[in-house]
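So the protein lines, in turn, are chains A and X.
Reading the first sequence from the start, the letters are residues 1 to 194 in our numbering.
Reading the second sequence from the start, the letters are residues 195 to 445 in our numbering.
It is worth saying that the hints were derived from the structure and are not from the lab.
Even glycine gets a Cβ: it sits at the ideal position worked out from N, Cα and C.
Don't take each hint at face value.
Footprint (simulated), chain X over chain A, 3 or more residues, beta carbon under 8 Å [what the hints assert, rightly or not]:
id	segment
1	10-18
2	67-81
3	180-189
Pairs of lysine-lysine, DSBU-like flavour, derived with a Cα cap of 30 Å [stated by the list, open to error]:
id	chain 1	residue 1	chain 2	residue 2
4	A	Lys-181	X	Lys-421
5	A	Lys-181	A	Lys-129
6	A	Lys-181	A	Lys-90
7	A	Lys-58	A	Lys-90
8	X	Lys-196	A	Lys-90
9	X	Lys-421	X	Lys-434
10	A	Lys-58	X	Lys-421
11	A	Lys-129	A	Lys-90
Covered stretches of chain A, going by a simulated chain X footprint (3 or more residues, C-beta under 8 Å) [to be verified]:
id	segment
12	36-42
13	50-60
14	157-171
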Amino acid sequence: MISMEESDAAAVLRARSGDSQAFRLLVEHHSRNIFRLAYRMTGNEQDAEDVVQETFFKAFRQLNGFEERSNFSTWLYRIGVNCALDLLRKRRRHDEFQEPLEPDHGRGVFEADPHESTPDRLVFSIEVKRQVTQALERLSPMERSAFVLRHFEGMSIEEVGQVLGLQTSAAKHSIFRAVRKMRVALEPLMSSLR
Amino acid sequence: MKHLNEDQLILHYYGEAPDPAAIESHLFSCADCRAGFEGLRRVLAAANALQVPERRESYGSEVWQRLRPRLSERRRWDWKPTFHVSRWAWASLITAMLVAAFFLGRFWPRAEIPVAKLPPGQVRERILLASVADHLESSQRVLMEVVNASGNGSVDISQQQASAEDLVAANRLYRQSAERAGEAGMEGVLEELERILLEIAHSSSQLTSGELNEIRRRIDTQGILFKVRVIGDRVRERQKAAARELARRNL
């Protein structure tokens, strides 16, 4: 049985020689993962869709620069993270000139979970999601990337460093800073549960 | 065993602590550390409340359908705006275009440009050359400060970190413009510079001598200071040439 890595490598070779169907296979294999990453990085569905498009567009442009001994998925994640960081930086600069959004009109994608049963739990669940979103938004772009890759994507710290182009120690410190900030932001709410 | 610090607890939570058995054993016997770890676990579990909207099975095909026209468009024009322009800070876009114009300007057939249009372009070119040169000088300064930093035990590089963080954003813009203009040499140096700046910006602000030596080693082995200096000198040369050309035309 051919592993995903092997089939990616074969598809990259074919795509480099101009086979658009091979690139299509790569897009189809990885779109959902890149969307998930992009959504967690940007916190916004439309931005995540833009990042997905931009990631594959750049991957197509840079396909000749991909080293065959590398892992295609790691390489693609690196492009995805860079696209999301570009967008976040531009958005941050843009937002400096904008009025702050009302919380409820903000990135309104973290809606109530219909499975939450009681009204109290429903309200609490919405509040947790709102505060997690705000806490993530307060992280620097690099802290957020490192946290998303380690916490949500389950990458090792070494892999996080590879994707972000950082030494392992720098990736580790970014994760430490991110977790500390998340803790400061969320601990009061979590303590209220006890 | 001493109390566990927060960094150790974080590594343990993610299964990356160097000696998990020792940590488990300490947590078993130390109520304070156990409470700290439980607090951390509660907070990180809450982060999982952030759910990602589901995508259909056919999502990959939908992405491909949207992407395909851009790929064939690129073959015809080799250029396409990224993201929706309406979402961009216009200032950034204009700056990027000006920087791209600066790099492309090197290859422009000057003799064919009407003389009346030259002065504004040359003024713009001089400004852009100056900003690229300033950026390279500032970057050199930060790298030199890190290379020469010293302290007892740990070294505070928080000021250099703040500078590096600012420089990364500008560097990214110049690098992307150099890439679009096909200036491979400039792009390569800016890419290496960006990695080092990122490394500095995202290290601990209090570096141990080992961590500082590691950054110094990377700066040295890549010869990045030398490369930035050479590129900076070339940009300054171009800046002077542009100034001379402008003075000549104004005579």
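Hint-by-hint comparison with the structure:
1. 10-18: Contact hint for the segment 10-18 of chain A vs chain X: violated, 0 residues under 8 Å.
2. 67-81: Violated - the segment 67-81 of chain A has 0 residues with a Cβ nearer than 8 Å to chain X, which falls short of three.
3. 180-189: holds (count 6)
4. A:Lys-181 - X:Lys-421: 37 Å, violated
5. A:Lys-181 - A:Lys-129: 16 Å, holds
6. A:Lys-181 - A:Lys-90: 22 Å, holds
7. A:Lys-58 - A:Lys-90: 18 Å, holds
8. X:Lys-196 - A:Lys-90: 45 Å, violated
9. X:Lys-421 - X:Lys-434: 20 Å, holds
10. A:Lys-58 - X:Lys-421: 27 Å, holds
11. A:Lys-129 - A:Lys-90: Holds, because 25 Å separates the two Cα atoms, which is no more than 30 Å.
12. 36-42: holds (count 3)
13. 50-60: Check passed, 7 qualifying residues.
14. 157-171: Holds: 8 residues of the segment 157-171 of chain A have a Cβ under 8 Å from chain X.
Checked against the numbered hints listed earlier, the structure breaks hints 1, 2, 4 and 8; every other hint is satisfied.
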